[in-house]
Structure formats: C-alpha cells, structure tokens
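A.B. asks: Next come the chains, spelled out residue by residue.
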Amino acid sequence: MSPETLPVDANSERTGVTPLAAVAARDDSEISQGLAEKPVFAVRDLSVHYGKSIALKGVTMDIRPRRITAIIGPSGCGKSTLIRCFNRMNELIPGAQVSGEILYHGEDIYASGVDPVVVRRHIGMVFQRPNPFPKSIYDNVAFGAKINGYRGDMDELVERSLRRAALWDEVKGKLKKSALDLSGGQQQRLCIARAIAVEPDVILMDEPASALDPIATTRIEDLMQELKQEYSIIIVTHNMQQAARVSDETAFLYTEVDAETSARWGILVEFGDTGQIFTKPRDKRTEDYVSGRFG
Amino acid sequence: MSARSWQRKGVGRKADSLFAIMAALSGVLILLVLAYMVISTTATALPVFGSQGISFIAGSEWSPSNGQFGILAFIYGTVVTSVIALVIAVPLSLGVSLFLTEYSPRRLRGIIGYAVDLLAAVPSVIYGLWGVFILLPLFLQPTADFLSDNLGFIPIFKGPASGLSYFGAGVILAIMITPIITSLCREVFDTVPNADRQAAYALGATKWEMIRQAVLPRGRAGVVGATMLGLGRALGETIAVALLIGSSVKVDTSVLSPGYSMAAVIANQFQEATGDHIRALVGIGVVLFGLTIIINMGARALVWRFNRV
Numbered sequence: 041m042s043p044e045t046l047p048v049d050a051n052s053e054r055t056g057v058t059p060l061a062a063v064a065a066r067d068d069s070e071i072s073q074g075l076a077e078k079p080v081f082a083v084r085d086l087s088v089h090y091g092k093s094i095a096l097k098g099v100t101m102d103i104r105p106r107r108i109t110a111i112i113g114p115s116g117c118g119k120s121t122l123i124r125c126f127n128r129m130n131e132l133i134p135g136a137q138v139s140g141e142i143l144y145h146g147e148d149i150y151a152s153g154v155d156p157v158v159v160r161r162h163i164g165m166v167f168q169r170p171n172p173f174p175k176s177i178y179d180n181v182a183f184g185a186k187i188n189g190y191r192g193d194m195d196e197l198v199e200r201s202l203r204r205a206a207l208w209d210e211v212k213g214k215l216k217k218s219a220l221d222l223s224g225g226q227q228q229r230l231c232i233a234r235a236i237a238v239e240p241d242v243i244l245m246d247e248p249a250s251a252l253d254p255i256a257t258t259r260i261e262d263l264m265q266e267l268k269q270e271y272s273i274i275i276v277t278h279n280m281q282q283a284a285r286v287s288d289e290t291a292f293l294y295t296e297v298d299a300e301t302s303a304r305w306g307i308l309v310e311f312g313d314t315g316q317i318f319t320k321p322r323d324k325r326t327e328d329y330v331s332g333r334f335g
Numbered sequence: 120m121s122a123r124s125w126q127r128k129g130v131g132r133k134a135d136s137l138f139a140i141m142a143a144l145s146g147v148l149i150l151l152v153l154a155y156m157v158i159s160t161t162a163t164a165l166p167v168f169g170s171q172g173i174s175f176i177a178g179s180e181w182s183p184s185n186g187q188f189g190i191l192a193f194i195y196g197t198v199v200t201s202v203i204a205l206v207i208a209v210p211l212s213l214g215v216s217l218f219l220t221e222y223s224p225r226r227l228r229g230i231i232g233y234a235v236d237l238l239a240a241v242p243s244v245i246y247g248l249w250g251v252f253i254l255l256p257l258f259l260q261p262t263a264d265f266l267s268d269n270l271g272f273i274p275i276f277k278g279p280a281s282g283l284s285y286f287g288a289g290v291i292l293a294i295m296i297t298p299i300i301t302s303l304c305r306e307v308f309d310t311v312p313n314a315d316r317q318a319a320y321a322l323g324a325t326k327w328e329m330i331r332q333a334v335l336p337r338g339r340a341g342v343v344g345a346t347m348l349g350l351g352r353a354l355g356e357t358i359a360v361a362l363l364i365g366s367s368v369k370v371d372t373s374v375l376s377p378g379y380s381m382a383a384v385i386a387n388q389f390q391e392a393t394g395d396h397i398r399a400l401v402g403i404g405v406v407l408f409g410l411t412i413i414i415n416m417g418a419r420a421l422v423w424r425f426n427r428v
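Line by line, the protein sequences are chains A and B.
Position one of the first sequence corresponds to residue 41 (the numbering used here), numbered consecutively onward.
Position one of the second sequence corresponds to residue 120 (the numbering used here), numbered consecutively onward.
Hints are supplied without guarantee of correctness; some may be wrong.
With a straight-line cut-off of 30 Å between C-alpha atoms, the simulated DSS-like cross-links for lysine-lysine are [said to hold, decoys possible]:
1. K186/A <-> K268/A
2. K277/B <-> K369/B
3. K214/A <-> K186/A
4. K186/A <-> K326/B
5. K175/A <-> K268/A
6. K78/A <-> K216/A
7. K92/A <-> K78/A
8. K326/B <-> K92/A
9. K326/B <-> K217/A
10. K78/A <-> K320/A
11. K175/A <-> K186/A
12. K186/A <-> K217/A
13. K186/A <-> K216/A
14. K216/A <-> K369/B
15. K326/B <-> K175/A
Hints listed in this document are in silico derivations from the structure and should not be mistaken for laboratory results.
Can you build the whole structure from these sequences, using the hints too?
C.D. replies: So, in structure tokens, the structure goes:
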C-alpha cells in the first residue's frame with residue numbers, strides 16, 4: 041500500500057462517518073502527504089463568563105496534532121475553565137457562557153448545529169481525581185463504546201484500550217472485579233483506557249496526576265509520551281516540573297485584576313515551545329512564574 | 120509547695136458517668152418495651168394459635184361467632200395492596216426524585232421538595248377520607264371500570280369492578296408512600312459524586328445515559344432501602360386502607376374486587392370483639408409484626424448485598 045492511502049483508510053475506519061471525523065481524516069491525510077501541519081484546535085478570541093462575572097478573556101492559540109500541550113499558571117487563572125472549553129464541558133455549569141471560536145480541524149465546535157454529546161465522543165477527557173464508575177474494570181472501559189453503539193469485538197477493544205493505557209498486564213486476570221479495588225494510579229490509567237476506548241483523537245487531561253504518588257505520576261507521564269504518537273494531548277498542570285518534563289508546547293495563563301471592581305479573570309500571557317517558555321520567556325510575568333517567584 | 124490535684128472538682132466529676140448511665144438506660148428501655156410487646160401479645164393470642172393450629176394463617180374462614188379464625192384473606196389483602204402500592208409508587212418516586220436532582224431548576228427544586236415533605240406529613244385518615252369522597256368517584260371507580268372492560272380477560276383485572284377494592288386501597292397507599300420514597304431517593308441521588316456525572320458526560324453520554332449508567336447504579340442500594348421503608352409503611356397502614364379496601368373477607372385473584380387487610384380488620388372489629396375474637400385480632404397483630412420484621416430483614420440483606428458490589 042502506498043503511503044498516501046494508508047493513513048486515510050486507517051483513520052476512516054477508526055473514527056466512523058460523522059462530519060467532524062471526516063474532517064479529521066482528511067486533515068491527517070494532508071499531513072502524511074507532507075503538506076503544512078494544520079492545528080487540531082484553533083482557538084480564536086475565546087472568553088468564558090459564569091453568570092455576570094468573566095472567568096477567561098480573549099484566548100487565542102493553536103493546538104498542534106500529536107503533541108503534548110501544557111496549560112500552566114497560578115491557582116484561579118482559568119486553566120480548568122480553558123481545558124473544559126475544548127469538549128464543551130463548561131456548559132454543564134449553569135450560567136456558563138462561551139464566546140469566540142474553537143475550530144476543531146477547521147470546524148467550530150460551538151456552532152449552532154453542533155451537538156456537545158458528539159463533540160465529547162471525539163475529544164476524550166481525564167479528570168483530576170480518578171473517577172472510575174462503581175462497575176467492573178471491563179464495564180468501565182466498555183462504557184463509552186457501548187453508549188456510542190460500538191459494533192465490533194468488545195473484548196478486543198477492551199484489551200487494546202487497556203494495553204494502550206499500560207494497564208493490561210496488571211488487570212488481565214481480574215477484568216470482572218470492581219474498578220474501585222484498584223490503586224489510585226491504576227484507577228487513573230483505567231480512566232485513560234476508558235477515554236481511549238471511545239477512539240477520540242484528542243485527550244484532555246485536567247491535572248491527571250495531582251492526586252497520585254510520585255511513582256504513579258511517573259507512570260502516567262511515561263504513558264503520555266507513548267500516547268502522543270497517536271493522540272493530541274492537552275494537559276492542565278499545577279506542577280511546572282511536570283509541564284517542563286512532558287510537554288512540547290506550553291501556554292502560560294495568568295490572573296488579571298481590575299483595580300476598581302477587584303474582578304479577576306484569566307488571560308493567556310504567553311504560548312510557545314516548552315523549552316523557550318522555561319528558558320527564554322518573553323514576558324516578565326512568565327519569567328517570574330517559571331522561576332518560582334510566585335504561584 | 121502543695122501537691123497538684125489530679126481530680127476534677129464539683130459536678131463535673133460525676134456528670135460524665137451520670138450521662139453515660141442515662142444513655143445506656145434509654146437504650147435498654149427500648150429493648151425492654153419491644154420484648155414486652157412481643158411477649159405479651161403472643162401470650163394473649165396463644166390460646167387461639169393453639170386451637171386453630173396452622174389454619175390460623177392458612178385458612179380463610181373468618182367466623183368469630185363460630186370460633187373459626189383463619190386470617191389468610193387478611194394476609195393476602197395486606198400483601199396485594201402493598202405490592203400494588205409499590206408498583207405505582209416506586210417508578211413515580213424515581214421520576215420525581217430524578218427530576219428534582221437532575222432536571223429541575225434550583226428554585227423549583229426547593230418548592231417541589233417542600234411539597235413532597237408536606238405530603239408526608241398529612242395524617243392518614245385525611246388520605247382515607249379524601250380517597251373515599253374525591254378519588255373514588257373521580258378516579259378509582261372509572262379506572263377500575265376501564266381496566267375490567269378492556270383488560271378483563273387477564274384474571275387480575277376480572278370484573279365486576281369496584282373502586283373499593285385491593286386496587287383502590289393500593290392506589291391510596293401508593294400516594295401515601297410516594298413522599299417518603301421520593302425524599303429518600305432524592306437524598307441518595309444527591310450523594311452521587313459529580314465526578315461520576317462528569318466522567319459519563321466526557322465519554323459522550325447523553326443525560327439519560329448518564330443517569331442510567333452513573334446515577335442509578337450508585338443509588339441502587341439506597342433506592343432498595345427507600346422502597347423497603349415505603350413497603351413497611353404500606354404493610355402497617357390502617358385507616359386509609361380500612362376505608363378503601365371494601366371490607367370483604369375473601370381471597371380474590373382480581374385486584375378490582377373488595378378484600379380486607381390485617382391492619383384494617385383489627386381496627387374495624389376491635390371495638391365489638393370479645394373473648395377469643397379479641398385474642399384472634401391480637402394474633403393478627405403478632406403475624407403482621409412478624410411479617411414486617413421478615414421484610415425488614417430481607418431489605419437489610421438486600422441493601423448489604425448491593426453495597427458490597
């Protein structure tokens with residue numbers, strides 16, 4: 041098979057036939073043909089309000105495919121708000137309003153005809169605390185595929201997802217056991233396997249290791265390096281060392297305060313190559329933050 | 120230099136142990152009351168248990184003037200009305216509590232929640248009178264007629280249809296136990312971690328899939344517990360059932376025919392009963408108590424099993 045056709049076939053089989061996926065597949069084929077690398081997400085002047093107060097203001101950035109993009113910044117700067125915009129999780133909060141655009145492979149996921157449920161099937165998410173369902177390990181992994189009407193071999197999908205999440209060897213003998221009996225680190229890798237099983241092409245991780253011990257954290261970080269061969273990963277982290285270790289690109293968010301009303305909101309201060317952000321930051325605030333002067 | 124005193128002074132020295140004794144006495148007292156109730160009622164009813172033998176609970180011939188006391192019809196009525204009540208009340212309560220926790224806007228949640236709690240506080244005699252004077256002509260009798268006309272070929276809906284029946288009593292019971300089941304289910308669903316909901320949403324679940332896969336499994340044990348509490352109330356409910364069940368001593372497969380329940384027969388006949396008749400009525404109380412205990416133990420076992428999964 042020629043290199044031009046192979047990735048297209050592989051991807052159309054992987055992602056199904058919805059319009060968003062069709063765009064994803066087309067985009068991948070262009071990459072394989074050596075054309076300019078298109079961003080997975082193009083964020084344009086994104087702002088988020090909760091009720092009347094603004095939480096995030098005017099973010100513009102491009103997320104590149106098959107990379108790990110870290111979002112760092114002090115507490116309350118809107119990191120979690122930002123990452124939750126990518127799969128429309130913010131709108132589960134009453135009163136949340138998003139303005140601006142997020143283009144996913146060129147399509148606005150906030151356009152009027154877009155069903156957030158379908159968006160979330162393309163863009164997986166892993167949360168701060170491991171949150172497996174009180175079901176068996178097998179049922180946890182199969183959950184997303186089941187509700188999405190997966191028709192293939194479920195056993196094979198569960199094994200493949202657990203292998204990709206580097207958990208298979210630890211759980212293969214006890215797939216019917218409760219997921220709640222696993223350790224915290226195993227539970228988090230199970231949550232990653234659960235997200236992978238839906239076959240997304242982006243995985244969002246909201247401080248995925250903050251509730252884990254150092255060894256479990258290392259395993260998650262190693263796993264991320266493997267996953268970025270196939271997926272685009274966006275990670276929010278409180279831990280600057282972690283951002284420096286794992287990510288290819290880094291976005292630094294910071295809190296602005298209105299002097300009169302003392303209202304606070306997050307802004308994107310600087311976005312660029314992780315090496316550059318940590319060694320030659322262009323902005324004074326970035327430099328202060330990465331050198332540990334505050335936050 | 121005086122030696123330091125290591126003793127507490129004044130009342131404080133005794134207060135602690137005094138309180139402990141009082142608390143322990145309260146605990147023992149409740150056990151004593153329970154034991155005394157069981158023993159004295161059983162002792163009162165013992166002669167009737169002895170003379171009737173197994174036919175006391177297996178026979179349905181209830182004829183106090185002839186000294187025949189078979190209470191099967193009452194046991195049957197209690198069980199059938201309670202089952203009807205659960206069949207109606209559990210889905211209804213699940214719907215209301217899921218609406219309150221997952222769908223309704225915050226302001227409405229408070230109003231409906233308060234209304235549900237108020238419903239639980241209405242005395243049962245009011246439910247009974249309302250059932251007889253309002254619900255019977257407006258809903259129970261028409262519904263009973265409709266069921267027997269259209270589904271009469273099924274034995275449980277066979278005519279002649281009466282609103283004063285197992286069905287009528289079951290509907291009133293359902294209305295009475297819905298508030299308690301609803302407010303317990305609501306509390307259970309409120310404890311489902313938001314992390315579970317978010318996990319389901321993040322995997323592309325719709326709201327219904329989220330509820331079915333994340334909320335209901337977490338709340339399963341609580342829902343069973345709430346159902347059993349409702350069942351406990353339905354089994355023992357007296358006045359409302361006495362008013363609506365039709366007071367007919369027989370075992371009938373059709374839920375649309377009049378029957379009788381254990382609590383209802385005690386309430387209706389206690390006044391004019393004498394001798395063995397009184398002993399038989401107390402005996403019904405003992406059996407009802409035993410039935411309630413068995414169901415409670417079953418419920419605990421169920422909840423315990425669900426909690427382990």
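A.B. asks: If a hint holds in the structure, say so; if it does not, say that too.
C.D. replies: Hint check results:
{"no.": "1", "hint": "K186/A <-> K268/A", "result": "25 Å, holds"}
{"no.": "2", "hint": "K277/B <-> K369/B", "result": "15 Å, holds"}
{"no.": "3", "hint": "K214/A <-> K186/A", "result": "20 Å, holds"}
{"no.": "4", "hint": "K186/A <-> K326/B", "result": "15 Å, holds"}
{"no.": "5", "hint": "K175/A <-> K268/A", "result": "28 Å, holds"}
{"no.": "6", "hint": "K78/A <-> K216/A", "result": "42 Å, violated"}
{"no.": "7", "hint": "K92/A <-> K78/A", "result": "35 Å, violated"}
{"no.": "8", "hint": "K326/B <-> K92/A", "result": "26 Å, holds"}
{"no.": "9", "hint": "K326/B <-> K217/A", "result": "27 Å, holds"}
{"no.": "10", "hint": "K78/A <-> K320/A", "result": "26 Å, holds"}
{"no.": "11", "hint": "K175/A <-> K186/A", "result": "14 Å, holds"}
{"no.": "12", "hint": "K186/A <-> K217/A", "result": "19 Å, holds"}
{"no.": "13", "hint": "K186/A <-> K216/A", "result": "17 Å, holds"}
{"no.": "14", "hint": "K216/A <-> K369/B", "result": "50 Å, violated"}
{"no.": "15", "hint": "K326/B <-> K175/A", "result": "19 Å, holds"}
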